[in-house]
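From the two separate chains plus the hints, produce the assembled complex.
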Amino acid sequence: MQFNNEKAIYLQIGEYAMDRILLEEWRAEEKIPSVRDLASDLEVNPNTVMRAYDHLQQQEIIYNKRGIGFFASNSAKALILKTRKDHFLNEELTLVFRTMDLLDISIEEVNTYYQNR
Amino acid sequence: MINLKNVCYHYRKGVPILENITTQLQPGHIYGLLGLNGVGKTTLLKNIGGLLFPRKGTIEIDRLQPKQREVEFLSDIYFVTDQAELPDWKIRQFQEVYGALYPKFDAQYFDSLLETFQIDVRKNIKSLSFGQVKKVNIAFGLATNANIILMDEPTNGLDIPSKTQFRKIIAKYVTDERILIISTHQIRDIHHLIDHLLVLNHSKLILDQSINALQDSFYISNNPSDAEGAIYSEKSMHGTLSLIDNLRNEESQFDIEFFFNALSADPSLVNRVKPTKANL
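Protein chains in written order, with the numbering used here: chain H, 1 to 117; chain B, 1 to 280.
Be a bit skeptical, because a hint or two may be false.
Part of the chain B face toward chain H, derived, beta carbon under 10 angstroms [unchecked claim]:
#	residue
1	His29
2	Ile169
3	Val174
4	Thr175
Mimicking BS3-like on lysine-lysine, the simulated pairs with C-alpha atoms at most 27 angstroms apart in a straight line are [claimed, not checked]:
#	chain 1	residue 1	chain 2	residue 2
5	B	Lys104	H	Lys7
6	B	Lys123	B	Lys67
7	H	Lys65	B	Lys104
8	H	Lys7	B	Lys204
9	H	Lys77	H	Lys7
10	B	Lys13	B	Lys204
11	H	Lys85	H	Lys7
12	B	Lys274	B	Lys5
13	H	Lys65	H	Lys31
14	H	Lys31	B	Lys172
15	B	Lys56	B	Lys5
16	B	Lys104	B	Lys90
17	H	Lys82	H	Lys31
18	B	Lys235	H	Lys7
19	B	Lys274	B	Lys204
20	B	Lys168	H	Lys7
21	H	Lys31	B	Lys168
22	B	Lys90	B	Lys56
23	H	Lys65	B	Lys168
24	H	Lys7	B	Lys123
25	H	Lys65	H	Lys77
26	B	Lys172	B	Lys46
Just a few of them, taken from the derived set where beta-carbon distance is under 10 angstroms, the chain B residues facing chain H [said to hold, decoys possible]:
#	residue
27	Leu207
28	Asp208
29	Asn222
30	Ile244
31	Glu250
Note that these hints are calculated values from the structure, not bench results. Here a beta-carbon is modelled for each residue, glycine too, at the ideal position from N, C-alpha and C.
If we strip away everything but chain B, and leave its shape as in the complex, we get (with noise of 0.2 angstroms):
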């Protein structure tokens, strides 16, 4: 479980980053960070991940805390950056060096997502694309089997066989062990993936959901009548999106981009989801 208490970050004194983030991330679940540019997704990220140090608050992941970077926290997670800074070396070279920190590190399943991602392990990762390295580095991060992944806009520079790809091998790795974390622009890309969303908005954490807590509190049509008195809509080729409160106790889809586009016109109608017994 990765437990964050009051948790706050600055960068320059009196900008704040991050304020009172306070949420538990449970095991065998994908949880989506969402966020407009620059609302600190990223630094939410590395606070998580040991790179960088809350100014107040504590963050414990099983009881260590990643700004101590103890070797057992940081043997059991990793990190898949945006722009993955990798050395300048054949990759197999990469793999036997730095799969050597990992424990769990499994080197025949790194071989066989790089040929998924039809990347030649006998390369140079100097001489790959951006999108080549982001492969070498998501490969990476899984082989190492650790129960804390973090990503950073992963989509980002796949080719679209790639995404399929990327989609099927994280709905194989989370298990009740594990939890993954995935800040992405791109949610059209992973949507049906995530099952809790994290959404940050002007350094706070506005919601911390479960997709089934939301879907239980909202219904999303595209009848024409429920236009109307909707708490918000969106027009499109097929007719007016509404979002309403869900008083049928039905089930639409939840499409998370509409979601996010309808909180971020107003973050106020976090207060409509209905409490649950249980919010995951």
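For reference, chain H alone in the conformation it holds in the complex (with noise of 0.2 angstroms):
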């Protein structure tokens, strides 16, 4: 995995594990990777992987199940579907319209562009 030199590294573990369980790659209530495995796929010390989970299960994406393992919980998509709704609309909109305002573009004009997307 090639990790963006911005965000720590747990997070984008974070928005790795989101993105599998979007594409149903990890279903709700299966067992996702072990946190030694996914370390190992992924390169990175298992400690760091933890805190990925740790900060996914405070958001009850995921839940343990004690000596048993991690399981993505069964509101895991709409969850995340959540919030990455909530970043699109409160930040990566925000961009879009800074952008808007600086070049003089028009809601309209990109109404058009997306009318004819």
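Following this line, the structure appears as structure tokens:
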């Protein structure tokens, strides 16, 4: 896996896990890779994967069955979609609006592109 | 746990190599031991491994002192040196004779590691290249299943695919009982594996911090507006990278090489590390 240089690695591993769930490579109520296996796959320290899993657990995207491992939760997909949507509306769109202002592009103009896409 | 108390070492009187090194290394972590050439990294590893004895101070590993060289200690530690001096035997013969010294030795695991590294176990060690001997030594070291693994420049001499394999193997090796200490100049080969940094500078241990604590304390920014007033900055193709105090409580990716350069330029920046509840 190629990491970008900006975000902390554990956050990028979290994003990676969320992508797997959205793509249904990891399904609801099924066991996800163990901390050690994922660390080995991604060539990172297992403690970093553990931190990523902790983070996902706090968001209730995954849960821990003691002695068995981590599982994707029933609501994982919905939760991730909501988080991603919030992120798009509140952060990515803000950047788009800023660029529109900067280049003097109207919403109607953008709408034309949107309709013809 | 590896417990070092005021460890001092010199080869020649009046030329200290290690001065008052005190630290506790905990199982479950991969320690990155960094420092410029000649600052004593290999000497420190040799002291921990019982190959050199501290002139002053003590080293204890689960209550055993390396300098006593007891069997219980020696059979649970392996030191992968930069220049391995293995006997001129067939690999299989080497594994059988030396493997017998390690009660937890796993011959099957050794074979699977050699297969991963594409080394034919029937070959004679004498006929192998530098990199191939390195691979045999790494495979042997890990197959001992020792709880303490010391590695001096392990990726030096490895070809590109083997470096990837090496990272995968190491990520799997570290468990709650094991301590790995890796000394290297090729930090980019292993930077995502390390979770705790030890930096030697002029014979002293000037930094002993977890990557988490460093991420809490410092922010590495590529935003041009952060360059002014940065603790340290470097220009690259992608713009300017700046080390700043982490005031936003956000975490950036921690670039160990960049941080090491900053630390070499100004060792006093260790004073900016925020105190944490636990250092691990």
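- With a cut-off of 27 angstroms on the C-alpha distance, tell me whether Lys13 (chain B) and Lys204 (chain B) pass. 17 angstroms, holds
- Hint consistency between Lys7 (chain H) and Lys123 (chain B) [alpha-carbon to alpha-carbon, up to 27 angstroms]: Given that 27 angstroms is the threshold and the Cα spacing comes to 46 angstroms, the pair is violated.
- Query: Are the Cα positions of Lys65 (chain H) and Lys77 (chain H) separated by 27 angstroms at most?
  - Reply: Answer holds: Lys65 (chain H) to Lys77 (chain H) is near 19 angstroms, not above 27 angstroms.
- Query: CA of Lys65 (chain H) to CA of Lys104 (chain B), is that 27 angstroms or under?
  - Reply: 30 angstroms, violated
- Is Lys7 (chain H) close enough to Lys204 (chain B), meaning Cα to Cα at most 27 angstroms? 32 angstroms, violated
- Is the straight-line distance between the alpha-carbon of Lys85 (chain H) and that of Lys7 (chain H) 27 angstroms or less? Roughly 19 angstroms between the alpha carbons, so the hint for Lys85 (chain H) and Lys7 (chain H) holds.
- Would you settle whether the hint for Ile244 (chain B) is holds or violated, based on the nearest Cβ-Cβ distance to chain H being less than 10 angstroms? At 14 angstroms from the nearest chain H Cβ, Ile244 (chain B) fails the 10 angstroms test, so the hint is violated.
- Sort out whether Lys31 (chain H) lies within 27 angstroms of Lys65 (chain H), counting only the CA atoms. 9 angstroms, holds
- Under the criterion that the straight-line Cα-Cα distance not exceed 27 angstroms, is the pair Lys82 (chain H), Lys31 (chain H) satisfied? 22 angstroms, holds
- Message: Hinted pair, alpha-carbon criterion (27 angstroms max): Lys31 (chain H), Lys172 (chain B). Please report holds or violated.
- Response: Within the cut-off at roughly 19 angstroms; holds.
- Do the alpha carbons of Lys77 (chain H) and Lys7 (chain H) lie within 27 angstroms of each other, as the hint requires? It holds: about 22 angstroms lies between the C-alpha atoms, which stays within 27 angstroms.
- Restraint status (C-alpha distance of Lys274 (chain B) to Lys204 (chain B) at most 27 angstroms): 21 angstroms, holds
Hint compliance for this structure: hints 5, 6, 7, 8, 22, 24, 27, 28 and 30 are broken, all remaining hints hold.
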